[in-house]
Amino acid sequence: MPDKTITIRAARFDPEHDKEPRLQSYEVPFYDESMVVLDALNHIKSHIDGSLSYRWSCRMGICGSCGMTVNGTPKLTCNAFLRDYWPRPIVVQPLNNFPVIRDLVIDMDDFMHKLKSIKPWIIRRQEMPLGAGEHRQTNEQIDDFRQFSECINCMLCYAACPVYGLNNEFLGPAATALARRYNLDSRDQGLKERLPVIADPEGIWECSFVGECSVVCPKGVDPAKAIQQTKLDTTMRFVLPYGNRD
Amino acid sequence: MAKEYPWRMPVAWWTRNRHYFLYIVREFTAAPLALWLLWLLYDISQKSLVHPRAFAIFSVVCLPFALYHSYTFLSLAGSIIHFKVFDRPVSARLIVASQFAAWIGASLVIGFFLTWLK
Numbered sequence: 001m002p003d004k005t006i007t008i009r010a011a012r013f014d015p016e017h018d019k020e021p022r023l024q025s026y027e028v029p030f031y032d033e034s035m036v037v038l039d040a041l042n043h044i045k046s047h048i049d050g051s052l053s054y055r056w057s058c059r060m061g062i063c064g065s066c067g068m069t070v071n072g073t074p075k076l077t078c079n080a081f082l083r084d085y086w087p088r089p090i091v092v093q094p095l096n097n098f099p100v101i102r103d104l105v106i107d108m109d110d111f112m113h114k115l116k117s118i119k120p121w122i123i124r125r126q127e128m129p130l131g132a133g134e135h136r137q138t139n140e141q142i143d144d145f146r147q148f149s150e151c152i153n154c155m156l157c158y159a160a161c162p163v164y165g166l167n168n169e170f171l172g173p174a175a176t177a178l179a180r181r182y183n184l185d186s187r188d189q190g191l192k193e194r195l196p197v198i199a200d201p202e203g204i205w206e207c208s209f210v211g212e213c214s215v216v217c218p219k220g221v222d223p224a225k226a227i228q229q230t231k232l233d234t235t236m237r238f239v240l241p242y243g244n245r246d
Numbered sequence: 001m002a003k004e005y006p007w008r009m010p011v012a013w014w015t016r017n018r019h020y021f022l023y024i025v026r027e028f029t030a031a032p033l034a035l036w037l038l039w040l041l042y043d044i045s046q047k048s049l050v051h052p053r054a055f056a057i058f059s060v061v062c063l064p065f066a067l068y069h070s071y072t073f074l075s076l077a078g079s080i081i082h083f084k085v086f087d088r089p090v091s092a093r094l095i096v097a098s099q100f101a102a103w104i105g106a107s108l109v110i111g112f113f114l115t116w117l118k
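So the sequence lines, in the order shown, correspond to chains A and B.
Per our numbering, the very first residue in the first sequence carries number 1; after that it's consecutive.
Per our numbering, the very first residue in the second sequence carries number 1; after that it's consecutive.
Heads up, a few of these hints could be off.
Derived pair list, reagent style DSSO-like, types lysine-lysine, alpha-carbon separation capped at 27 Å [said to hold, decoys possible]: (1) K119/A x K219/A; (2) K118/B x K47/B; (3) K3/B x K19/A; (4) K45/A x K3/B; (5) K192/A x K116/A; (6) K116/A x K231/A; (7) K231/A x K219/A; (8) K84/B x K231/A; (9) K84/B x K192/A; (10) K116/A x K45/A; (11) K3/B x K116/A; (12) K4/A x K45/A; (13) K119/A x K192/A; (14) K231/A x K119/A; (15) K84/B x K219/A; (16) K231/A x K192/A; (17) K19/A x K45/A.
Derived contacts from chain B toward chain A, CB cut-off under 7 Å, selection only [as the list claims (entries may be wrong)]: (18) K3; (19) E4; (20) Y5; (21) W7; (22) M9; (23) A12; (24) W13; (25) H19; (26) Y23; (27) S79; (28) I80; (29) H82.
Everything labelled a hint here was simulated from the structure, so no lab data went into it.
Because the structure is a prediction, the values reported are computed rather than measured.
Ideal Cβ positions, reconstructed from N, Cα and C, are used throughout, including at glycine.
Please work from the sequences and hints to get the whole structure.
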């Protein structure tokens, strides 16, 4: 084992035996400056304690599976470098604001339902026949929504949002950002189908602009901006005489 | 299905993070401003300042709250307001700067009129 090690304090919760989560310490070799928290968890799983449960997949900040709370902050563990914490111990816990299934695994059903509720796909009133050609877009039209299309559904924004933590009826940051992504898409005609969900009192109006969702977003999506801009657009649709035109 | 451990929001959640704390401070600043406004409305209904000295002191106390609330509100304008000029989006920084310029301009105009009317 190399001389340099780091202490990982991982949350453990076995629903069959534990009343509440507890922390368990592991000494992990820190042999490479490029090691991330996910590498440390994988080392624990492979060499120390095979019962540790957590989600992960791509290891490169694309899949959004490995979001956890690292020293109190929601992070992708594949993008949290051990060198930024060493020699202090690292406390790894499941994402805040969600029920815990086991160890570091949260129940994401609520998020999935919210995601589906905003109909995150292109909606056309009448689809053109394939022979009519593709729906062409200019670079400027893509720029209108590109930022909001970068979301990887990692749920860090939900874990950082105290509004969601206090009221899980809130539609939340990522779902609203994704709704805005489609509403701004020049090919989409589904705004009126999404409005009942996003303009609901538990939708955008529940947000009081804490802004932490945008701080923790690993992809620079800025969901807080998406929510505030949707508030403004929704208000303008209501106030201005031409607002309800398609 | 095995039982899950439910999420419980800690009472002191707003102390866990600097941003949360500043957010609570920002929201709290509305409380003294609301009290100040209620006091002013009461005095207007009485057609005079009932307790002029106390109102002056309370106004001075409320001023930093008003300034902080205005500062945070205008700073966020860049995230909220979005429009294009000649098909190009106006930068958030320019929008925020214009909000502060309008705030300072309006304050100067009101200050001038208050001084002039006196």
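Structure-based check of all given hints:
1. K119/A x K219/A: holds (22 Å)
2. K118/B x K47/B: The given pair, whose Cα atoms are some 18 Å apart, holds under the 27 Å limit.
3. K3/B x K19/A: It holds: about 10 Å lies between the C-alpha atoms, which stays within 27 Å.
4. K45/A x K3/B: Holds: K45/A and K3/B sit about 23 Å apart, inside 27 Å.
5. K192/A x K116/A: It holds: about 16 Å lies between the C-alpha atoms, which stays within 27 Å.
6. K116/A x K231/A: holds (20 Å)
7. K231/A x K219/A: holds (22 Å)
8. K84/B x K231/A: Cα-Cα ~18 Å, so holds.
9. K84/B x K192/A: holds (24 Å)
10. K116/A x K45/A: With Cα atoms ~33 Å apart, K116/A and K45/A exceed 27 Å; violated.
11. K3/B x K116/A: holds (25 Å)
12. K4/A x K45/A: holds (19 Å)
13. K119/A x K192/A: Judged against 27 Å, a Cα distance of about 11 Å means the pair holds.
14. K231/A x K119/A: Holds, because 18 Å separates the two Cα atoms, which is no more than 27 Å.
15. K84/B x K219/A: holds (24 Å)
16. K231/A x K192/A: holds (15 Å)
17. K19/A x K45/A: This hinted pair holds, its Cα atoms lying about 23 Å apart.
18. K3: Since the shortest Cβ distance to chain A is 5 Å, the answer is holds.
19. E4: holds (4 Å)
20. Y5: holds (4 Å)
21. W7: Since the shortest Cβ distance to chain A is 5 Å, the answer is holds.
22. M9: holds (5 Å)
23. A12: Since the shortest Cβ distance to chain A is 11 Å, the answer is violated.
24. W13: holds (6 Å)
25. H19: holds (5 Å)
26. Y23: holds (5 Å)
27. S79: For S79/B, the interface hint holds, since the closest Cβ of chain A sits about 4 Å away, which is under 7 Å.
28. I80: Where the cut-off is 7 Å and the nearest Cβ of chain A is about 4 Å from I80/B, the hint holds.
29. H82: holds (6 Å)
Consistency note: the structure conflicts with the earlier hints numbered 10 and 23.
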